[in-house]
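Just so you know, the protein sequences line up as chains A and B, in that order.
The first sequence begins at 1 in the working numbering and counts up one residue at a time.
The second sequence begins at 150 in the working numbering and counts up one residue at a time.
Hints were generated in silico from the structure; no laboratory data involved.
By construction, the Cβ of each residue, glycine as well, lies at the ideal position given by its N, Cα and C atoms.
One thing to keep in mind: the hints can contain errors.
Claimed, not checked - Examples of chain B residues lying across from chain A (beta carbon under 8 Å, computed):
#	residue
1	Y155
2	I160
3	I188
4	S256
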Amino acid sequence: MSEEQKQVQSAPAPAREGGDAPRREGGHPAGPRREGGPGGGRREGPGGPGGPGGPGGARRGKRQYFRKKKVCKFCVEKMDFIDYKRADILAQFVQERGKILPRRMTGVCARHQRWLGVAIKRARNIALLPFAGSAAGVQAPRALEAPKG
Amino acid sequence: MEERLYDLIFIARPATPEEEIKKVIHTLETAVAEKGGKIEKTEHWGTRKLAYKVAKHREGIYIYQQVRTNHGELVHELERRLGVQDSVIKYQTIRLDEELKRQKKLSQKREARAARRPRRITQPVPGAEQQASAN
Chain A
1 MSEEQKQVQS APAPAREGGD APRREGGHPA GPRREGGPGG GRREGPGGPG
51 GPGGPGGARR GKRQYFRKKK VCKFCVEKMD FIDYKRADIL AQFVQERGKI
101 LPRRMTGVCA RHQRWLGVAI KRARNIALLP FAGSAAGVQA PRALEAPKG
Chain B
150 MEERLYDLIF IARPATPEEE IKKVIHTLET AVAEKGGKIE KTEHWGTRKL
200 AYKVAKHREG IYIYQQVRTN HGELVHELER RLGVQDSVIK YQTIRLDEEL
250 KRQKKLSQKR EARAARRPRR ITQPVPGAEQ QASAN
């Protein structure tokens, strides 16, 4: 019991350490889409000289090897509540221009994405996050920076 | 009506003197006292860069409060008072208690599951072994 509580309390600290991962994905929002591109090309393939989709299929299999399984950051941290005041966390799930990143890029689970959306919108309203514009270098309010407990 | 918890954030102009901010907080306190509520927390976040321009300012002084009350009217009154202040450029009130309730429920569930988990893991293992030997 007490160990569990400790884990929950110490959650905010690793949150920032591991925070870079989703951000990096956010830096290249076109990445996953580009992956999808050749798939679109493959659809044309059967009509062309390629004939059976053999090589395309193989390529597809290979690519699946490289794709890393994304896990929901909030589930890993066991967060049951996404605080709209923690702008530093929210900024990781926002594109450079302030758009909310889709789930397919960040790997956030459906439930947390729902809460995340609400939190980001609240943060925007109080000028912690931009509606449109640079989200780089957003910091948490000073009072909240130190993890509680 | 049951008690509710609200987050109240307001942003003052960056050039606002300390006393002026104290005065604003004081007006909020009196309003809270009048309507029957309690300020649980007051935090000064200091001067922060705003994510976008507000009233032509790029920076603002953030003040954060948590208010507990069972009068919904109080929020209305607090927002009215903040709106009247010239030094306050932005404010936001958010109801928090329901989300905290949900959080509590979920973490309780998780703890219950964590307490049950060891037994669950040990159970399927002998079953799997049996299947493997049968094949």
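Now the hints, each set against the structure:
1. A distance limit of 8 Å between C-beta atoms decides the matter here; for Y155 of chain B the minimum to chain A is near 13 Å, and the interface restraint is violated.
2. Annotation: interface hint on I160 of chain B holds; nearest CB of chain A at approximately 7 Å, less than 8 Å.
3. Because the beta carbon of I188 of chain B sits about 16 Å from the nearest beta carbon in chain A, more than 8 Å, this interface hint is broken.
4. Interface hint status for S256 of chain B: upheld, as the beta-carbon distance to the closest one in chain A is roughly 5 Å, under 8 Å.
Hint check: violations occur at hints 1, 3; the rest are consistent with the structure.
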